[in-house]
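Q: Following the hints, complete the assembly by docking chain B onto the known chain A.
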Amino acid sequence: MNKPHQYLPNSVTEVKEKMMDSIGIKSIEELYSDIPDNLRFKKELLIPGPLNELEVKETVLSNLLKNSNLRCAPFLGGGVWPHYVPSVVDEVVRRAEFLTSYTPYQPEISQGILQCIFEYQSLICELVGMSVANASLYDWSTAIGEAALLANRLNHRNTVLVPSLISPKRLKVLKTYAEPAGIKVEMIEYDQETGQIEIEDLKNKVNQNTAAIYIENPSYLGFVEEQVEKISEIAHDNKSLFIVGVDPISLGILKAPGEYGADIVVGEGQPLGNHMNFGGPLLGIFACNHDNALIRQMPGRIIGITETIEDKRRAFVMTLQTREQHIRREKATSNICSNEALCCVASSVYLSLLGPKGMKELGELITSRAHYAMRKLNELPSIKTPMFKSYHFKEFTVNFNCSIDEVNKNLLSAHIQGGLPLKPYFPEFGDSALFCVTEMHTKKDIDILVSTLKEVLN
Amino acid sequence: MNKRFKQADWYEPLIFELSHEGRVGFTVQDVEPEISDSIKEAAELIPQELYRNTAPNLPEVSEIEVLRHYIHLSQMNYGVNSGIIYPLGSCTMKYNPIINEVIASNPSITELHPEQQQSSIQGILEILYKFEQAYLEITGMDRATLQPAAGAHGEWTGIMLIRAYHKERGELLERNEIIIPDSAHGTNPASAAMAGFKTVEIPSGPDGCINLEALKAVVGPKTAGLMLTNPNTLGIFENQIAEISKIIHESGGLMYYDGANLNAIMGKCRPGDMGFDVVHVNLHKTFSTPHGGGGPGSGPVGCKEFLAKYLPVPIIEKINGEYILNYDKPYSIGKIHGYNGNINVILKAWSYILTMGGLGLKESSELAVLNANYIANKLKEVKGLSLPYSPEKPRKHESVISAEVMSKETGIRALNIAKNLLDQGIHAPTIYFPLIVPEALMIEPTESEPVEKLDKFIDAVKIISELAYSNPQEALKAPQNTVVGKLDEAKAAHPKTICLSWKKLCSLNNEL
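As they're listed, the protein sequences go chains A and B.
Read in order, the letters of the first sequence correspond to residues 1 to 458 in our numbering.
Read in order, the letters of the second sequence correspond to residues 459 to 970 in our numbering.
Here chain A stands alone, though its shape is the one from the complex (with noise of 0.2 Å):
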């Protein structure tokens, strides 16, 4: 390029030709004659730019503001949902010393991460009521692919049981992570009034092949699966690892897993701090009992405590690293390298910010205005919420009696996002479709969706 760029300090020719000197080359392409002339790219890439600081944040936001503007949070969850993120959490993760930092292999000059990723992986204890939790996974789907292989290797069965009511993007995930493992997803049926998992299905599919048994408490449909006790001992009595999926923003209100008999939880971390961002990236909550078995079968980094050889200082360092790929290679637990560490932190203050007073409020807020949301809607003729006769954290199936895609596009006319059509997943559910209510959603914007909603429907 003919002028300096500012990324590179070593553009300015004086600079460049004194450094190829001390190498003894007279030009840079001498550093690339070993490469094979006809494997050589010869062209220019075609690629647009080099665009200055204002014209890339022109072209890249004038792009981004064709997303539509909606007039309040959309009212869709399913894996990802709409939640306040405290404005403190932001200002940390945009710490230069944090944001640019890589994986703490050096722990002497990265106690901060540490420490960090530490007090994430206690507070994560601490709300799902697990003594172990690891420095994230992707996500909650891809957490539930890896607990599916921690079980298949720790008591060497091949079956795992679901509900059938689970998410489809994360049953998808799961299955793709079981195949090549010789792992089968079954379904587990569920009641028809009620949505919960049918118990005498399980029964009859549990036996020496299950490895694992996997709810969700919220439900992918928003209800709370209630045999949760009971679920816990088939699966306990059949030696089969009881795995439970969680929304972590619902358990300032809801029991933890721990309390119910869970020997893993996973989960969704996006809820405790992190944007929406269009689905990413997310935060996979991975977590367990202090069991020696299943800790030495954990995927993903952990951080634990030690000290100083010299004065004994408190300290912290990645450890339990012999799981790991970088040293056991093909026998690792996980190929997993980078997770999602920063997630980490914003959760960790997230978490820090609320305490235990500031969870049970936010639940308490987003349960009562998702009863409210149902109940007004109900109060519309052609609508019926929910589906399924059971308690309901904060999503809820609302069935209409018209195209939901219609529906849809009308609000959408009206600068509101509706919820997510169930059709293409559970075609036997008619024109529902599944949606979200969360602290984000005020009374007015309930009352707005219900009123736009009856205009829609006349």
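It should be emphasised that the hints constitute simulated quantities derived from the structure, not laboratory data.
Wrong hints could be hidden among the right ones.
[Said to hold, decoys possible] Below, simulated SDA-like cross-link-like pairs (lysine to any residue); rule was C-alpha separation at most 25 Å, straight line:
1. B:K962 with B:T512
2. A:K360 with B:T512
3. B:K935 with A:F41
A: Okay, now just chain B, sitting in the frame of chain A:
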């Protein structure tokens, strides 16, 4: 030595230790009276068996204390934008531009839900589509998926494509081996194993490249594919790559390109032209996105047309001027991530690509290679150090220096050199990798570092060498200027002392 680096140290307690009953760091809004009047309280709504009676034991801390706590911790950490040089080999710790962060924190992306109606997300889909086009141009591939959330996730996805290919041809049962050089990253064999393959390791030749005879000896009807970085982890270009591709393809196997080292060759040569069928690229390396203390990364996977039908769903397509997410792919391996990958990271990479342009990317690679050779050239002359494997060959983005001689002569090992660098405010290179170099120091300065910082790094290593030969006892003391000195790593993993959470720490303290 008076002007010494000293890392900030706040002796920061754990957040739990700052807790004081009743304090809050965030005020939750009250439920609107109209709602609380008409809706039962949560405790009544929730079935008794599922109601949380005991609150989680989270800390109770006010806002300013939470903020200061985490800012203190950040100051006890080292980042590429806040340090002076971060020459971590194979990790490409280049400058993470601020404009990328500004763009990626715009609410028009941060508050976007992945399941919104297609007509409302045209802006982001257009960016992802254009990003894919640029990615394909740089790698020489035909189609790509942006879903993989990290490099290793991409490796596994790519190997799953190879698996699907052999499966459809009815050869998977027999073709169950992936060949990997002994200099490969640990993620390669781990990813292949997770995709259900056996791994076959082949030794590097004396020139540091794949030994063709060793390769031919293991290639056969069982070969599903070969995984390779090029340039390899020694920073040397595998110049027999065309021959290697031919051997693998003739056996019926496929070629996988690990893009960890792409920063050396942008605009100079392309994996697609070298005979590779599948690639992944680490956006958090070559495309300047920050690594966040371990993640999030992003590892898009590209492939040749004949493998495109196996790519995970959804695929982004442009039909009649509209961008769509296409799920209708019957041969797809399925889904590998809940949604569309680490979008926020991809957006930063896109901003970077636009800032560089095609010519700028090429110049970045050239200067990254110049910087790496500048360091290698000077360090190989330092007492106790050497540049093993074809020292006459130019390096690409990185070089691997051996401290074997120093270790034998003074007892000062690669590890000690690393710790002494920390004491001078310089992040250490990658050490003890690749495994084929004894006492390895893997050094990747990237194009971001001005020559003055390269000189500072070289001088720092020279000082350490001098210390090693004059006063090794002193060199063994490092690090001393970091927050903590040498750590008892055995204690952290010992069954009696292992402590992975605050809960456990409390119980260990109670036992004392």
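Q: In ascending order, which of the hints set out earlier in this document are inconsistent with the structure?
A: 3
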